[in-house]
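Q: Read off the chains here:
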Amino acid sequence: MKKQINRLEHDARLNRRKSIRFWFDNRAYEGYEGDTLASALLANGVHLVGRSFKYHRPRGIYTAGSEEPNALVQLEEKAYTEPNRRATEIEIYEGLIAHSQNCWPSCKLDIGIVNSWFSRILPAGFYYKTFMWPASFWMIYEKYIRKAAGLGRSPAEPDPHFYDKTYAHCDVLVIGGGPAGIQAAIAAGQTGCRVILADEKSEFGGMLLSENMLINGMPCHEWIESKTAELKTMSNIVLLNRTTVTGYYDYNFLVANQRVSEHLGPRVSVNSPKERLWKIRARQVVMATGAIERPLVFGDNDRPGIMLASAIRTYINRYSTLPGKNCVILTNNDSAYHAALDIADEGGQVSIIDVRTNPAGAMADSAASRGIRILANSTVAGVGYSRGRLRYLEAMELSDDGLEAVGKKQKLPCDLVGISGGWNPTIHLFSQSRGKLKFNENHHCFLAGRPSQDNPVILAGSCQATWFSRECMEEGHAAGCEAAKRAGFSADQQFDGVKTGQLEYSPQRPLWILPGGHPIGQGKTKHFHELHNDATIGDIHLAVREGYESVEHLKRYTTTGMGTDQGKTSNLNALAALSETRNLPIPELGVTTFRPPYTPLTMGSIVGHDCGDLFHQKRKTPMHPWHDQAHAVYEDVGDWKRPRYFSLGNEAMHAAVQRECRQVRQTGGLLDASTLGKIDLQGKDTRWLLNMLYTNAWDKLEIGRCRYGLMLNEHGMIFDDGVTTRIGENHYHMTTTTGGAVRVMSWIEEWLQTEWPNLEVYATSVTEQWAVASLSGPNAAEVLQELTDIPLDEESFPFMSMREGRVADIPARVFRISFTGELSYEINVPARHGLVLWEQLMESGRKFDICPYGTESMHVLRAEKGFIIVGQDTDGTVTPMDLGMDWIVSRKKQDFLGKRSFDRTDTSRSGRKQLVGLLTEDPEFVLPEGAHVVSELKSSPPMNMLGHVTSSYRSPNVGRSIAMALLKDGFNLKGQTLNVPLMNGTTQRVTVTDPVFLTGQ
Amino acid sequence: MLLIKCPWCGYRDQSEFSAQGEAHIARPVNPHELSEEQWGDYLFFRKNPKGVHYERWVHSHGCRRWFNVIRNTATDHIHATYRPDEPVPEFSDEETDQPA
Ligand SMILES: [Zn+2]
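First to last, the sequence lines map onto chains X and Z. Quick note on numbering that gives the first Met the number 0: the first sequence kicks off at 0 and runs consecutively. Quick note on numbering that gives the first Met the number 0: the second sequence kicks off at 0 and runs consecutively.
Hints are computed from structural coordinates only; laboratory data are not their basis. C-beta: ideal position from N, C-alpha, C; glycine also. Watch out, some of these pointers could steer you wrong.
Claimed, not checked - Taking lysine-lysine and the DSS-like style, the derived pairs with C-alpha atoms no more than 27 Å apart in a straight line are: (1) X:K278 x Z:K4; (2) Z:K4 x X:K484; (3) Z:K49 x X:K435; (4) X:K898 x Z:K46; (5) X:K967 x X:K898; (6) Z:K46 x X:K437; (7) X:K699 x X:K892; (8) Z:K4 x X:K164.
Stated by the list, open to error - Covered stretches of chain X (chain Z as the covering partner; in silico rule of three or more C-beta atoms under 8 Å from a C-beta of chain Z): (9) 865-871; (10) 892-900.
Claimed, not checked - Away from chain X, derived, C-beta distances all over 12 Å, residues of chain Z: (11) Y10; (12) A22; (13) P27; (14) L42; (15) K46; (16) K49; (17) H52; (18) P83.
This is chain Z alone, in the form it adopts within the complex:
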């Protein structure tokens, strides 16, 4: 079970959270101006990498806040977590958000 650092509550068990898919997909400002393909891309197409993935999580059984997680899908190594209003943090492969 992952140990995830909620930016507001700190480290909590994975069972308190729910995963909400790829992060940083902005809703188009003028959907009606988009082509069928562009709208389809926003609706349906998501990355599915083996490796570093930027994803949204929500602390559903805690503070109910949404935030972003940088997680390696192959190792479950979490590089960083950050609030939606924070810039995407830099990270190195070695870095981890885990407490000692």
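Isolated chain X, as found in the complex:
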């Protein structure tokens, strides 16, 4: 095992007593508790961690945070594996396994590097153009391109982890736990309001974790510890570390992802979710999201060993790692001088290349006094890289306008380069919340402009270009107080202020694309502004030449900002390059809107518990346990599990359905009809309402009698049907289709609440309160009579009436209505007795040869009688007249819902599609439902379509196949022979008939 050659003396934020062994590309390494995979690799002297997306160039670790565009690894293996994980975010744990991506056969020797040699044929827009070429071309190359491009592999096995989801409300949500966020949370928390403080890192402190400054004379890491301890004592503050706020939506609704147990590794058994998705509704939001350092772009700026200057500071001060011995800092501003000072403090060699003509002021003095060499007004003309290592930089002087490199090349040997082009405030969430971004000419970056939300977010700290911790804390305190105040709490506490020894900064030079020895885009060197997707400044020039000059087009054409990092380190440099090329100032170019999520979410986190059995609710009737034992095969009807058929022995569906259908008509059958929608209607205006809801008249319905009704929408089209029974003077029991129960209930409520609020009608859904067994067939009365005292003779209990009494000693409502055409009783009992009722009926029915039957047989039985199923034989374009059901439409009623539309030109015209029966030439052939019916057969489509088959079955009782269809002018086609072309190229000839196939009872 290698020694941690780059590890420093001090502990920093590591637990040096606990060393951790991990594996990267099949080699074992050691790090410490508190390390990230990136810091541990750097401590071990590993710079090369992967290959780039398009050109397969060697790549290293570029940042120390979630903005990392380069160091994407395949974490873990098999079911636990995850692609595209940032090495800078993975906390190491014992036994961690990671692999580099995009490398074949290995990271050091990579075949895909040929992409690099052929890079001239892979210019910007390559994928875009490939898509545009003839589709056949794409089909040929797709698999090769995909294999070459790739970005890790998805796991093929099911995810063994579980994930959680939670909802939270708070008065103040503070995003970001750096100096500003900590103070904001404390200030808001002191007012007594409910606070959530979320930070993406493992511990609070933000940029102070990367610092070594003193706060009130105390090392800043101690300050963080004391503040974290203070936060923990405040019971009204929820502290969420390892939690990234990824989305900011309307009305302060935010989504955050908490990595709960991931840092322990998959091999530790913990009784907690891997991740938890928080959905937070905050009354006020404070954004203290900090800033991300911006790189400078120069030729071959992607070599491993080149990283952000701030990342070097983080590795030194947080992770006790100096990733090189011989360093160069390349900067256009003062903040990067801190990195040089830190390197010097740790005994590293360091010099500074500063693009500013005359760097002066406190920082420059401080560096000079330490003997650090400063090359002013200079640029990088070349990068020396060989055998996996950075070797040297070549510096040249800048011309007066800063557009060219002049003078003699100076070679600076180095193995580590820190770059800084200034800072970009992290305002992604502000942009997501539809706030406008504004370019700031002083800070050379985008800042939050006008917010769009009603309770505008309050910003504090570096995310609004406040660079010094002291001011960040003051702003944080003020923001916390203001947010609490807006949320209705009294906040008047003073901020004591802190003393820090920070030096003032001199202005930066807004020069981000550095000229080198060759003009950009020429020669062998590449200037990468976008490392994640391998996009270069040359690509931007090409895009503009080809006319893709708006920001939105440029983004798509060059794929800038379209990687999993969303261009956190590349967007502004792309704009700067575009600005230079088009000779327009940045503010006039506009900026693309940031979209959620801020960092990628796992599918597991989004799905949470909603998978497997919990994916969707299942509604089961009280008789379900019996069905299970009787080998029912279920059909989903809405959310209901309904028995489709009951398999006897090894019976397949067809045999079972034929048997069930025959038996119902010969002896009898029992159907679980509990799922039918049921609505209890009461109140003196109920009858008036029924007259409006249904097409037929309800005035003369007597108590105890039932009536079938069709329900139309205002377009005159059928949307539900069912039987409604008068229970009492002003009391009705309505049934609906199983699938339409909710729709009908809402329909009734809509009219009652919005149009006729003065009606006295109370509608209550009672679908689940009643269990229903539908007993049907010649023996139905005999079976039922054994269990009830209700007289069943024709005179005392006629068709279409209801009787109350006891069945199997259970209080019941029995409806004599029929959907099979046979003598039928629908026996309704309170749901809790449903199973007993069913068992008793089956028991009593045994000697009368009663069988249970399912929905498939129900469909066949009703079709034999020509009864429609709404939603199968109708589709929202069908009127009662189209079904030949004129008899159910009242001529006397002046108004009901949908009536006026009967007179619309289209509804009243002749030749509409009408419901007919179809008999096939081959009596055993069952037409596929949905098949088209044509009059004249042609060799290929299109043919003149008359309509389609809506229902089609093999009917054992008719002794052949039967079908229903909606055909243009169908009533006038009866007796004619038509054609049904089938998918397999053959045709079935059919005769149009009446849709009633079985007459008489």
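Got chain X sorted already, so can you dock chain Z with the ligand onto it with the hints?
A: Quick look at chain Z with the ligand alone, frame taken from chain X:
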């Protein structure tokens, strides 16, 4: 996700509600007296403004009550919510129904 004030339940997440189109379209009292065009207008024609829109919502996963919302379709700013039996409230562009 919008935060909508149900006149009966108070502020609730949008996911509890469903939108039901333009508000204040009364069903004609005597539909049979209407011309084809007038009936067609009632059936099919709806406003689709960029800006202030009066619309119906129902608290479908809550109290199941219907009510009206004045919402700016461009900004999703909700000016007011009110019961069907309440008069249309006055509002200014600045006003919002959101809690502090
Ligand atoms: Zn409500």
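Q: For every hint, state whether the structure bears it out.
A: Cross-check of the supplied hints:
Pair hint K278 (chain X) plus K4 (chain Z) holds up; C-alpha atoms about 19 Å apart against a cutoff of 27 Å. A hinted pair counts as satisfied when its Cα atoms are at most 27 Å apart, and K4 (chain Z) with K484 (chain X) qualifies at roughly 22 Å. Our distance criterion of 27 Å between C-alpha atoms is met by K49 (chain Z) and K435 (chain X), whose separation comes to about 19 Å. Straight-line distance between C-alpha atoms of K898 (chain X) and K46 (chain Z) comes to about 25 Å, which keeps the hinted pair within the 27 Å bound.
Between the alpha carbons of K967 (chain X) and K898 (chain X) the distance comes to roughly 22 Å, so the proposed pair stays at or under 27 Å and holds. Of the supplied pair hints, the one linking K46 (chain Z) and K437 (chain X) is violated, its CA atoms being roughly 34 Å apart against a limit of 27 Å. The straight-line distance between the Cα atoms of K699 (chain X) and K892 (chain X) is roughly 13 Å, inside the 27 Å bound, and the hint therefore holds. Restraint check: the Cα-Cα separation between K4 (chain Z) and K164 (chain X) comes to about 25 Å, which is no more than 27 Å; the hinted pair holds.
A count of 0 residues in the region 865-871 of chain X with a Cβ less than 8 Å from any Cβ of chain Z is obtained; the coverage claim is therefore unmet, three being the minimum. With 5 residues having a Cβ less than 8 Å from any Cβ of chain Z, the region 892-900 of chain X passes the three-residue criterion, so the hint holds. The beta carbon of Y10 (chain Z) sits about 9 Å from the closest Cβ of chain X, which is not more than 12 Å, so the claim that it is off the interface is violated. The claim that A22 (chain Z) is not at the interface with chain X is violated, since a C-beta of that chain comes within 12 Å of its own (minimum 9 Å).
Residue-level check failed: P27 (chain Z) sits 8 Å from the nearest beta carbon of chain X, not beyond 12 Å. A beta-carbon of chain X is positioned within 12 Å of the beta-carbon of L42 (chain Z); the least distance is around 6 Å. No Cβ of chain X approaches the Cβ of K46 (chain Z) within 12 Å, the least distance being about 17 Å, so the stated non-interface status holds. The Cβ of K49 (chain Z) lies farther than 12 Å from every Cβ of chain X, with a closest approach of about 15 Å, so its non-interface assignment holds.
Every CB of chain X is more than 12 Å from the CB of H52 (chain Z) (nearest about 16 Å), matching its label as outside the interface. Not every beta carbon of chain X lies more than 12 Å from that of P83 (chain Z), the smallest distance being close to 5 Å; the non-interface claim is violated.
Checked against the numbered hints above, the structure breaks hints 6, 9, 11, 12, 13, 14 and 18 and satisfies the rest.
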